[in-house]
Every structure is written in structure tokens, then in C-alpha cells.
Amino acid sequence: MNLKNYIPGTLLLTMIASFSLYLASLHASFDALVISILVGMVIGNITGRRDSLNYGMDFGTKVLLPVGIALYGMQLSVSTIRPGLVFSIFLVFSALFAGTLLLSRVFSLRSNLSLLLASGLSICGASAIAIISPLIGAKREDTSISILSVMMLGLLGMIFYPLMYDFFPLSKDEFNFFAGTTLPMIGQVRVAAANVCPECLGSALQIKLIRVAFLLFVVPLVAFRAGGSGSKIKMPWFAVMFLVLAILVNTVPVLRQWQEISRTVSTFCFAAGLAAIGFSVDFDAIVEEGMTPLGIVFGVWAVVLIVIYLLRTVI
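Those letters in the sequence shown? Residues 6 to 320, by the working numbering.
Hints are all accurate, no fakes.
Here are the simulated EDC-like pairs of lysine to aspartate or glutamate, each with C-alpha atoms no more than 16 Å apart in a straight line:
#: 1; residue 1: LYS177; residue 2: GLU204
#: 2; residue 1: LYS144; residue 2: ASP63
#: 3; residue 1: LYS9; residue 2: ASP63
#: 4; residue 1: LYS144; residue 2: GLU293
#: 5; residue 1: LYS144; residue 2: GLU294
#: 6; residue 1: LYS9; residue 2: ASP56
#: 7; residue 1: LYS144; residue 2: ASP287
#: 8; residue 1: LYS144; residue 2: ASP289
It should be emphasised that the hints constitute simulated quantities derived from the structure, not laboratory data.
Please take these sequences and the hints and turn them into a complete structure.
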């Protein structure tokens, strides 16, 4: 193995990830993972995917992305969870997840693409998609399409939710529940809640973080499903480390001081890995898929939103 072969591609991924993290630091609505995969797609389609970059791109998808997934486990804290909210949040999560799978089946979407859309919409957007994708061996086009579809929906919701609060008879607690349970990405929840009132921010984010914690059971379920049946079931090392770190950070308090560092490293590795995925994606493959994935997540999101509004006094 000649390490020199890895330098050009790895250097490019480092530059893309650094650029994405910088842009994400400028505004809460900017997501480093989304930016990375978009930049990777643009560069890959413009440069024609030079062979000299292939080794580095493989390093990004086979090493950096799994490391990012493993370290993300340290971000899952259950210490601030309010038990009374968990059941209601789980109901919304289940509706978004199952609804996306069902509607995807109606429109004959590939099973892996359906699962990625469902995970991204119901849990935590690009992060959930990036974690689930290697577990199920998803095509790179499916990963890109899922992230872009969920991102576009979230951006629309980020603008719509503050308007909804102004024009509909919602209390602040009801708005926080709406934003925290149905917006895909943490940054989108942060922006939408902050635009309504400063005190909404903490409550909406807490609800959102409970959704993120659902990864603790979704990841092993998906890993076992993808691994087969019987004694042949295998769980990838990064999924095991994800769960181990999540358990440790919630049982060994001293580890929490490392959460901020692990968050930065995890996000960087995620961004670099997704840039490598985006680099190999052909724009034509995404165009060929059409607007169906976006239409599915939008349709499920709209129906769930209406149902929550009608049942808000019960939930």
C-alpha cells in the first residue's frame, strides 16, 4: 500500500470538510453534512472524478465515515429527557417513519432509499441518513437523494413554522412540540424556535434531542435487519462502538467533558465521508429519480402535521 496514493483525495476531503464546518458556523440553519455532500457532488461532476483521487475517496467512505458514526454515539444524552414527553414524541416519530415507508412502497421506491428517507425525516436528518446508509449498504445516489430531499423539506418547514405560530392559535408549548418533533435537523429546529421567542429554543431543542436518542434502538434494529438471520447476523464495528460510547457517556459522567471535542471530530469525519459519497454521485442519476422522494417526505410530513394540529389538545 502506497500512502502517497491517498494524499490527493484525502487532502481534498479535508478541505471540503473544513469549508463546510466554517460555513455551518456562520448560521444555525447551515448544516455541514449537507454542504459537504453538495460540494462533493459539484466537484465530482465538474472534474470528471479523476483516478488520482480514488484512494482518498475510499478512505473517506471506509474509514472517516465509520469513525464519525462511532463518535456520534457520545452525543446521545438521556439525562435531560422528560419521561412525560417521550411517548408523545415516539408516536410522532413512528408516524413519520412508518408513513414514509408505506408511501414509498406505494410509489415503488427502492427499499434502501425508503429506509433512508424515513430515518432522515423521523430522527435527525442528514446525520441519521449518514449513520444508516453504510449499515444497509445503500447506493451513494440513494444517500444523496435522501439528504437533499430531507434538507429541502426542513428548509421549507424552518420558514413555515414561525408563520404558522403567527396565524394559528398555538401556545408556545404546542409550537415547541411541532418544531421539535417534525423538523428533521437540529439547526432547523434552532432557527425556527428562536424566530418565535428566545424561551422556545430550549424546550424545542430538548424535544428534538429526544428524537435523536431514538437512534439508540434504530441503529441495532437496522444493523440486525441488514445482517441477515440466525447465527450469521453481524453488526459492523462502528455500530457497536456507537452503542458502546452512547451507553458509556450516559453512565460515566466524567466522559461528558469530552462531548464537545467528540462532536467536532465526529462532524468533521461525517462531512469528509459524505463529501466522498457526493464526489462519486452522478447528477443524472438524481435527476432520473425525479421529485418522487421529495414528494413522499413532504406528503407524510404534511399529513402528520395536520393530525398533530387536530389532536394537539390530546397530545
